[in-house]
Structures are given as C-alpha cells and as structure tokens.
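Starting from the structure of chain A, add chain B where the hints point.
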Amino acid sequence: MHRTTAALMGTCVVTAAFLYIPEFAALVGRRELVVRIHEWAGLLLPVPVLAGLASRAFRADLGFLNRFGPHDRVWLRAALRRDKRRRSRPAGKFNAGQKVYAAWIAGATLVMLGTGLLMWFTHLTPLIWRTSATFVHDWLALTIGIVLAGHIGMALGDPEARRGLRTGSVSRLWADREHPLWRP
Amino acid sequence: MGKDDGTLTGTRHRWLFGGRGCSNQCVKPEPSEEPGPDRDARPDPERPGEPDPERPGEPDPERPEERGAPIGRRVLLGTLGLGALGVLAASPLQRALESFLAGASEKDPTGLTGLLPNGGGFRYYSVASSVPHKTAADYRLTVDGLVDRPRSYTLADLRALPQTRLVHDVQCVTGWRVPGTPFEGVRLSHLLDAAGVRSSAGAIRFKCFDGTYTESLTLKQARRSDVLVALRMQDKPLGHDHGGPVRLYVAPMYFYKSAKWLSGITVTEDVRPGYWEERGYDVDAWVGRSNGRDDEPTS
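Order-wise, the sequence lines are chains A and B.
Each residue of the first sequence is one higher than the last, beginning at 16 in this note's numbering.
Each residue of the second sequence is one higher than the last, beginning at 1295 in this note's numbering.
Hints are computed from structural coordinates only; laboratory data are not their basis.
If you're wondering where the values come from, they're calculated on a predicted model, not measured in any experiment.
Warning: the hint list may mix true and false statements.
Stated by the list, open to error - With a Cα cut of at most 25 Å, we get these calculated SDA-like pairs of lysine to any residue:
{"hint": "1", "chain 1": "B", "residue 1": "1428", "chain 2": "A", "residue 2": "81"}
{"hint": "2", "chain 1": "B", "residue 1": "1428", "chain 2": "A", "residue 2": "43"}
{"hint": "3", "chain 1": "B", "residue 1": "1428", "chain 2": "A", "residue 2": "42"}
{"hint": "4", "chain 1": "B", "residue 1": "1428", "chain 2": "A", "residue 2": "40"}
{"hint": "5", "chain 1": "B", "residue 1": "1501", "chain 2": "A", "residue 2": "40"}
{"hint": "6", "chain 1": "B", "residue 1": "1428", "chain 2": "A", "residue 2": "44"}
{"hint": "7", "chain 1": "B", "residue 1": "1530", "chain 2": "A", "residue 2": "35"}
{"hint": "8", "chain 1": "B", "residue 1": "1501", "chain 2": "A", "residue 2": "49"}
{"hint": "9", "chain 1": "B", "residue 1": "1514", "chain 2": "B", "residue 2": "1530"}
{"hint": "10", "chain 1": "B", "residue 1": "1530", "chain 2": "A", "residue 2": "49"}
{"hint": "11", "chain 1": "A", "residue 1": "99", "chain 2": "A", "residue 2": "128"}
{"hint": "12", "chain 1": "B", "residue 1": "1428", "chain 2": "A", "residue 2": "45"}
{"hint": "13", "chain 1": "B", "residue 1": "1428", "chain 2": "A", "residue 2": "36"}
{"hint": "14", "chain 1": "B", "residue 1": "1501", "chain 2": "A", "residue 2": "44"}
{"hint": "15", "chain 1": "B", "residue 1": "1501", "chain 2": "A", "residue 2": "48"}
{"hint": "16", "chain 1": "B", "residue 1": "1530", "chain 2": "A", "residue 2": "44"}
{"hint": "17", "chain 1": "B", "residue 1": "1501", "chain 2": "A", "residue 2": "50"}
{"hint": "18", "chain 1": "B", "residue 1": "1501", "chain 2": "A", "residue 2": "47"}
{"hint": "19", "chain 1": "B", "residue 1": "1501", "chain 2": "A", "residue 2": "42"}
{"hint": "20", "chain 1": "B", "residue 1": "1428", "chain 2": "A", "residue 2": "47"}
{"hint": "21", "chain 1": "B", "residue 1": "1501", "chain 2": "A", "residue 2": "46"}
{"hint": "22", "chain 1": "B", "residue 1": "1501", "chain 2": "A", "residue 2": "43"}
Just chain B, same shape as in the assembly:
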C-alpha cells in the first residue's frame, strides 16, 4: 500500500469514486477556484491515485479516518440491545409511563400528551375509505332476523327509551387504554326484548353504515346489562369520529366489538365472525382473557 499500483481499489487511493449517483457514497471534493488554507499540504486532485511522497508508510497520521475504535458498530448493536430490552421490560415500563402521563395530561393545556403513545387518548380506526354522516333526520337502526316484531328506530325513538350510563375503561386490542370513559344509551337487551327473540335464536349480527364493518355476539353476551346501544360518550352526543350518532358498546370486551356507526341488529341462529375476527381476532373478546393478552378486565 502507499505505492501507486494502478488498481484503484483501496480507500487509500485518491479520487477513487466517479462522483455519480445520489448517495454521498460517491461524494468527492472538487477543486475550488480559491485555494484552501492548507492547500499545499493537500494531495493534488489533478493526479488521481498518486501516493503522497511525504506520507508513505503506515500508520498514516493524516488519515485518521481509517483507524480508531469500531464505535459505530457498538452504537448499532447497543440500539438493537436496548430495543430488545424494551420489548422484555415493556409491561412495567408501560404501566409506569401510563400513570406518569395520566398525571401529566391533567396539567397539560395543549392536549399534546394525548398524542403520545399510552397518552390515554382514543385512536381513530376505520376500515372503510369514507363513512357517510348520518343525522337525526336520516339515521335508522333496524332490528330484524329471528324476532317476532322486527322494527326500525329513529334517533328520537332511541332517545325516548330508558337510558343507562356506564363508566368503565376502554381497552383496545392494540394496547391503548382510556380510563373511566362514560357511555350512555339503551340496553341492547331492552331492544331484543321489545322485538321478541324467537327460541331458535342463538346469536346477534351487527351491521354498520360504513358499509364494511360487521360484528357479532352470542345471545347470552348480548343480553348482559353492560352491553349498550350507545348514543352518548364522555357525556356528549356521540360524534362521527367515535362512531356516532349510534354505536355498540360492549363494556367487558376489547373495543373492536363495540362497532361504530351501528345500523342493523339481526338475530341469527349461530355466531358469524365479524370483520376483524375473519382477520384473526378472537370472537369472544373478553378483556384480559382473549387475543393472548392479560389486560385488567374492564367490566
């Protein structure tokens, strides 16, 4: 090395790369009009591959780039190690952060903490490209299938029925949890009783006016007192982004069971898996006892 052997392969050779392309792997300095401060000490750019007669041997004190500790590799491996450690220690870390952020968000006027992971906010999930907006004028909820008295409810009809208010945590299967969220609406069991469920029935199928999403419950699950056809959330009318004007609320289950934009309740014989359940989620989605998760039960 240090001699010009004409192969142009070592990094010790000057003007090795052609200066093409878009990565700075190929970046080379080009001669400037004005000479630099120590231009004379520099290799002559006009003579590529020419060894510098003043620095023939190794180690070359003017070539600090080629020596030194492989710290880059250590940083990379350290980052990997921290990532793996983070996965292993996620549960306690997450709990600590959640309690810290819950405290911080109470004092945070900007609401930015809600955007942080585990910041205690809702996230918007929709499987449809766009969801029509329904108002009191055009919203309808149908109850049909294996019932004696199928019927259709307007928003006003639903509001006129006895309302139940429940306050539980909301737990998403992807990990986020929103503490103490009030939901208010009509018990599903009330609508089922009003329709007169036939003895052959065993399950309920839910349809949504986003045109895509579906959900299901067994009849036994649907009759629980903590399953609502919700009209209000967080003590406000249910907004469109949260599935308004009417959504399902299944308090003891992961939140994908609480179908947004509810438009149809069909009583069936057997459970038909819903949208996410056809894509791998559990049909019986009890919080803490399904989907391989051990979250604290919500209800």
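Just chain A, same shape as in the assembly:
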C-alpha cells in the first residue's frame, strides 16, 4: 500500500515538475499527455488508503495515528527544542512527528485533489474559482514537495525503519529504542 501510494505521489510530483518548471517542460513537451497522467495519478492517490480501510489492522493503525497521548506532547516539545535524547522522545508505534505528518499529508492530498478537480472540470464551477484553485494548488504543491523531501530524507536516515516498511518487521532492539511505548 505504501508502495502504491508512493508511486502515485511520485508520479504526481514528477509530472508536476514537467508541467511547472520551464526547463523540464522544455525537455518533454507533450503538455496534454503529461496533464492527463498528472490528473489520473492525482485522482487515484487516495485509492490505496481507501482500499486499506477494509483491513482491520490498517484501521487500528489509523486509530494509533489519530490519538495523541501525553507522551506525544513530550515528544513534540522535545522536537521543537531540538532535544534528541531518547528519554525526551517517548513514542508508541508511531511517534508524534509521524502522526502529525500522516494527518497533514492526508489533508493536503485532499486539498490538492479538490483544487485539482476545480482546475480540471472548470465548467462545473464558476470559472473564477479556477484562479483561486490554481493559487492554492501551486503553493500547497511547493509545501508538499518540501515536506515530502523531509519525509524521504528521514526514511533514508533510518535503515531499520525502511527494513520494517519492506519486510514487515523490525528488530526488538530498535523498537525498544525508538518506540519504547509500543505494545504490539
């Protein structure tokens, strides 16, 4: 699921770069085709998560992501102070940063989808909405690009987390260290 979402998000980002950055646009041209790919990748982006709702395990994880306990407040404070000591970063299965990221990227994706649809089906709404939607779509795209780079950067810096993503399990040592409150 993460792989499908990542592939769709990657497609959106790459096609967006081809549409948006003049140098890249000059490389590929074919504007109409790139627009179609971008639109469909964007439309399909929420599908893996929606399909995941059929899984009880996935819904349980969404519950974890949604609920913020007192330890998450401690974690976020420490993150703001750039306090990297283990003891000041208590976390369950997901740390507070991952929770905030998950909620924000989900909301941002839906905003991109909404504004994208306004730009796509201009005849369904007053046409002036298109300008406004373009404005939000452009700036949010830039923000998502930066946040996504941070997301990928953090994954690159944590091989064990990536192993967990790939194989489905992590070492107990790592879990005790990084997610001490996790009780699977």
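Chain B in isolation, oriented as in the chain A frame:
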C-alpha cells in the same frame, strides 16, 4: 478485554499482524539477540495473545497509544479548512504575494523566486512532443488564403520591415502574469495590407511549425495596432523556448492567442477555433473579459 479469548481481533492483543506486505501497518518488532533495557517488563513475544497479568484492567497506563485526544483528525480537518480558506481568500493573497515577490526578485541574484508560484516568470507550454529549431536560413513565414498577393517571408525580410516595440503585461489564462514585457516586431496589419486582403475575408488562421498548434483572430482583431508578428522579446531575439524565431503577439488577449513558432498566416472567411479553443478556451480571449476571469486588461 484483557483476557485471552483466542479471537486475536483487538489491538490489545499481542503479535496480531503477520508481518507481511510493504506497509508498516504490519510492522512488528522481532526479538533481538540482546535483551532490551527493560526486557523483563515486556510481554513475551513467544507467547502471542497472552494477556499481561500485571496489567489486566483498563485504563492501561502502559498502553498510551490507545487513549488521548483525536488530534490527528483535527490536523487533517484543519488542513482541509485552511485549503478551503485559501481558495476563498486567493485573490487578495495572490495580489499581496505578487507584489512581495516582485520586490524580492529584484534583490534575488539566484533567480529562484522566478520558480515560485506567482514569481513573475514565464512558464514553458508546448503541446507538441518536440519542436524543430528554425534559423534565419530555413525559417519561412507564408501569407496566403483570401489575398491578392500571397508570399513567403524570410527572417531577413521580416527584419527589414518597420518594427514596432510594445511593452505590456503578459497574462496567461492559467493565472500567471509577467509584468512589463517588451515585444518587438512587424505589425500584423502591415503584412495583411501588403498581401491585399480580399473583401470576402473575415478572419485569420495561424499555423505553427511545431506541427500541432493553431490559432485564429477575426480580421478586425488582427488589424489592431497592438497585434505583432514578434521577432524580439525582452529586447533580445526571440529564443526557441519562447516561440522563436517568430511568434504572434496579441497584446490585449490571454497569452494562448500569441501562438509560438509562427509559420503560416492564412486569410479565411470565418474564424476557425484554434488548438486550445477546441479544448474549451474562449475564441475571443480578451484579458479580463473572457474565460471567466477578471484580470486587469493588458492593453
């Protein structure tokens, strides 16, 4: 809950998930060789589903993950709300940002502000997969159709004609605007007069050497003094990415009317919609009075 009823359905049960797949929905810790610092306080991974005798009741202080405020949902809804607010407040926000970025880009030596949304730069749009490069040696502009004297111009021919320089904003129908951009070239009306337009004519059809793009104007629009066959832009010869060596420049209209890589001018009886116009854009593309937009007129 808290008792082992063998159903393995609650999140309170240990080792619930099989650890397959590629999402961390299934991630579980596996036993390590070395015991962790507080290993003894941990549930035994070898005994799945076993309730911890020390923590039988609810609420479970060692299970902070299951309690707490639904902040994730609030962040998600807040993001959605901000997005909706952004759409509603886009016009004033955009104006403020444009003026701020216009100021910033003057002091920005890297040119990165040009890449920001509303950063005041041009964006490259081409509907063709690749566009041939034409030089002074092989470029030709034909004028034909309902005219008495059809002819073909080389780049040198066009340069030898009287040149007009206009400075207006460029407004794209997708929202970006580039302030005060100089274009220089031959008035379209001059070429039409030279060709001798017949009385039955009512419109012009433009062809481009990218092989795909087309545009059109009514004869009345084409005769305006702010419609050029442009050879220069921003006081430089028109580069390939900007539609060089020769493009159309229709100052009062959205920029899709200013066809790049212009290769043919055909005088016709009626307007035939161009490439984007067949895909929903207005044929009469006056800036601020078409396509449902209210931009400030450019000319």
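Hints and how they fare:
1. B:1428 - A:81: violated, 59 Å
2. B:1428 - A:43: holds, 19 Å
3. B:1428 - A:42: Holds - the C-alpha atoms of residue 42 (chain A) and residue 1428 (chain B) are around 17 Å apart, at most 25 Å.
4. B:1428 - A:40: The given pair, whose Cα atoms are some 19 Å apart, holds under the 25 Å limit.
5. B:1501 - A:40: holds, 22 Å
6. B:1428 - A:44: holds, 17 Å
7. B:1530 - A:35: The hint holds at about 24 Å.
8. B:1501 - A:49: At roughly 23 Å apart (the allowed maximum being 25 Å), residue 49 (chain A) and residue 1501 (chain B) satisfy the hint.
9. B:1514 - B:1530: violated, 29 Å
10. B:1530 - A:49: Between residue 1530 (chain B) and residue 49 (chain A) the Cα gap is close to 30 Å, so the pair fails against 25 Å, i.e. violated.
11. A:99 - A:128: Distance of about 36 Å is beyond 25 Å: violated.
12. B:1428 - A:45: OK: residue 1428 (chain B) and residue 45 (chain A) at ~19 Å, within 25 Å.
13. B:1428 - A:36: Status holds; Cα separation ~24 Å.
14. B:1501 - A:44: Distance of about 18 Å is within 25 Å: holds.
15. B:1501 - A:48: Holds - the C-alpha atoms of residue 48 (chain A) and residue 1501 (chain B) are around 21 Å apart, at most 25 Å.
16. B:1530 - A:44: holds, 23 Å
17. B:1501 - A:50: Cα-Cα ~23 Å, so holds.
18. B:1501 - A:47: holds, 19 Å
19. B:1501 - A:42: holds, 22 Å
20. B:1428 - A:47: holds, 24 Å
21. B:1501 - A:46: Distance of about 18 Å is within 25 Å: holds.
22. B:1501 - A:43: holds, 21 Å
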